[in-house]
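Asker: The primary structure of each chain is shown beneath.
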Amino acid sequence: QKEVEQDPGPLSVPEGAIVSLNCTYSNSAFQYFMWYRQYSRKGPELLMYTYSSGNKEDGRFTAQVDKSSKYISLFIRDSQPSDSATYLCAMISGGSNYKLTFGKGTLLTVNP
Amino acid sequence: KAGVTQTPRYLIKTRGQQVTLSCSPISGHRSVSWYQQTPGQGLQFLFEYFSETQRNKGNFPGRFSGRQFSNSRSEMNVSTLELGDSALYLCASSPGQGETQYFGPGTRLLVL
Numbered sequence: 112q113k114e115v116e117q118d119p120g121p122l123s124v125p126e127g128a129i130v131s132l133n134c135t136y137s138n139s140a141f142q143y144f145m146w147y148r149q150y151s152r153k154g155p156e157l158l159m160y161t162y163s164s165g166n167k168e169d170g171r172f173t174a175q176v177d178k179s180s181k182y183i184s185l186f187i188r189d190s191q192p193s194d195s196a197t198y199l200c201a202m203i204s205g206g207s208n209y210k211l212t213f214g215k216g217t218l219l220t221v222n223p
Numbered sequence: 004k005a006g007v008t009q010t011p012r013y014l015i016k017t018r019g020q021q022v023t024l025s026c027s028p029i030s031g032h033r034s035v036s037w038y039q040q041t042p043g044q045g046l047q048f049l050f051e052y053f054s055e056t057q058r059n060k061g062n063f064p065g066r067f068s069g070r071q072f073s074n075s076r077s078e079m080n081v082s083t084l085e086l087g088d089s090a091l092y093l094c095a096s097s098p099g100q101g102e103t104q105y106f107g108p109g110t111r112l113l114v115l
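Residue numbers (our numbering), protein chains in the order written: chain A, 112 to 223; chain B, 4 to 115.
What the hints contain is simulated information worked out from the structure, not anything from laboratory work.
Hints may be right or wrong, so weigh each one.
Just some of the chain B residues that point at chain A, by a computed CB distance under 10 Å [as the list claims (entries may be wrong)]: (1) P11; (2) Q44; (3) Q104.
Subject to a maximum C-alpha distance of 27 Å in a straight line, what follows is the list of computed DSSO-like cross-link-like pairs (lysine-lysine) [unchecked claim]: (4) A/K178 - A/K167; (5) A/K167 - A/K181; (6) A/K153 - A/K167; (7) A/K181 - A/K113; (8) B/K16 - A/K153; (9) A/K113 - B/K60; (10) B/K16 - B/K60; (11) B/K60 - A/K153; (12) A/K167 - A/K113; (13) A/K113 - A/K178; (14) A/K181 - B/K60; (15) A/K153 - A/K113.
Per label pair, the in silico range of CB-to-CB distance [said to hold, decoys possible]: (16) B/S82 - A/Q191: 18 to 24 Å; (17) A/L122 - B/G6: 27 to 33 Å; (18) B/Q44 - A/Y162: 42 to 48 Å; (19) B/G99 - A/N222: 40 to 46 Å; (20) A/D169 - B/T10: 28 to 34 Å.
Even for Gly, the Cβ is constructed at its ideal location relative to N, Cα and C.
Given these sequences and hints, build the entire structure.
Answerer: As structure tokens, this is what we get:
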């Protein structure tokens, strides 16, 4: 079983839709959770960073973590064509191990 | 502040050759991590350097190596290239270990 599972999509939605992106993980040691956005031919850029279970909101983006279910989500409200990208979840266990473990990414297309 | 820069951006090599990729972190960042990104495996951690020392290593063969210089710039080297080494190689820097990682645009390597 992979440590982090993410639905690869692709996901295609109309402009203005609410988008839900999800990841599950198996390693209970993961403590920090991130969402990165990667445009074509670019490196990933950090969107959201959370530590505790619950919701964290930043503009149109909401990150949700449920540690008991080992499940994280990213919600995008009022999606825009500029949101079209690959979204990657990433996790880190902390301690002395600082490597990020990524999901494979979900390709999102928002159609005008 | 300038972002993470990687050179070269594109590279074509043949099997058996070796290659060196370079990464300049954000000014003031002391930790540099390297990742390999392929369509099949997604983003996979190669290694992390902090204060010129390799602190963490992923599950890659010894053909993959790296180093970090006193100015925090880092290089990674791949010897005896194989077709399967074709990938986007991403460098990420952070102020210190365990802190938010910022990615460069990557070096796209094609092995023929």
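Asker: For every hint, state whether the structure bears it out.
Answerer: Verification of the supplied hints:
no.	hint	verdict
1	P11	violated (14 Å)
2	Q44	holds (8 Å)
3	Q104	holds (6 Å)
4	A/K178 - A/K167	holds (14 Å)
5	A/K167 - A/K181	holds (17 Å)
6	A/K153 - A/K167	holds (26 Å)
7	A/K181 - A/K113	holds (13 Å)
8	B/K16 - A/K153	holds (21 Å)
9	A/K113 - B/K60	holds (18 Å)
10	B/K16 - B/K60	holds (25 Å)
11	B/K60 - A/K153	holds (24 Å)
12	A/K167 - A/K113	holds (26 Å)
13	A/K113 - A/K178	holds (17 Å)
14	A/K181 - B/K60	holds (25 Å)
15	A/K153 - A/K113	holds (25 Å)
16	B/S82 - A/Q191: 18 to 24 Å	violated (45 Å)
17	A/L122 - B/G6: 27 to 33 Å	holds (28 Å)
18	B/Q44 - A/Y162: 42 to 48 Å	violated (27 Å)
19	B/G99 - A/N222: 40 to 46 Å	holds (42 Å)
20	A/D169 - B/T10: 28 to 34 Å	holds (32 Å)
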